[in-house]
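> Can you make the complete structure from the sequences, with help from the hints?
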Amino acid sequence: MSKAQAVRRIGILGGTFDPVHIGHLRSALEVAEFMGLDELRLLPNARPPHRDTPQVAAKDRLAMVQSAVQGVPCLSVDSRELARDKPSYTIDTLESIRAELAANDQLFLVLGWDAFCGLPGWHRWEELLQHCHILVLQRPDADVEPPDELRNLLAARSESDPAAMSGPAGNISFVWQTPLAVSATQIRQLLASGKSVRFLVPDAVLAYIEAHELYRAPN
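If you count the sequence shown from 1, position 73 lands on 57 in the working numbering, and the numbers rise without skipping.
Errors might be hidden in some of the hints.
[Stated by the list, open to error] Cβ pair distances, simulated, as ranges: (1) E111 x D36: 21 to 29 Å; (2) R200 x R135: 40 to 48 Å; (3) R(-8) x A195: 29 to 37 Å; (4) A165 x C58: 41 to 49 Å; (5) Q(-11) x Q122: 32 to 40 Å; (6) A67 x R123: 14 to 22 Å; (7) R35 x E197: 19 to 27 Å.
These are calculated hints, taken from the structure and not from any lab test. Note that CB positions come from ideal geometry on N, CA and C, so glycine has one too.
Below you can see the structure in the form of structure tokens.
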């Protein structure tokens, strides 16, 4: 197989990244290494339909994610959702990314367990697997039961070994992770109360937050 025909393996991990922190980045890096991905793209959401409006502007969240992954070979940033002026639907993003890939390239949508359990509420969720494989980050303490619609999907599409998912799209598998106990909410609260978030975010992100006076309590 020539280099031009080699199948690429691309992962995407979406989030508000408000702000991006070591928990996001460590998860991304572990998945990229475990799955042998050519690239894992962090995809900042603009106005996620299911979440509260992010606290800081899209340009700031994008700049923080870009600074966080600088110099990390397998991590990159995909800003296409921020360029849209309507709510970001994952199906639109997958169609857009898929159109840029070769037909047999593998695309993996990385989701946390909670997000995965909420899939039946997503726009055109039944079509997601036409464009990608879904990789669920399963935590040891996840005690939420998936809804019935997902159980049927899991029964039909589940692959026990994530590394064995073949073809460009269509399967679901689980990667066990013990996530770092860090949350963006906790970081915002610390910053609002004037406390340090050093070692919870990369130094470059901390420098950006301080330079732009983000997440400060209103005077």
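> Next, verify each hint and record whether it holds.
So, going through the hints one by one against the coordinates:
1. E111 x D36: 21 to 29 Å: 26 Å, holds
2. R200 x R135: 40 to 48 Å: 45 Å, holds
3. R(-8) x A195: 29 to 37 Å: 36 Å, holds
4. A165 x C58: 41 to 49 Å: For A165 and C58 the Cβ distance comes to about 24 Å; the hint is violated.
5. Q(-11) x Q122: 32 to 40 Å: 33 Å, holds
6. A67 x R123: 14 to 22 Å: 32 Å, violated
7. R35 x E197: 19 to 27 Å: 24 Å, holds
Violated hints for the displayed structure, listed by number in ascending order: 4, 6.
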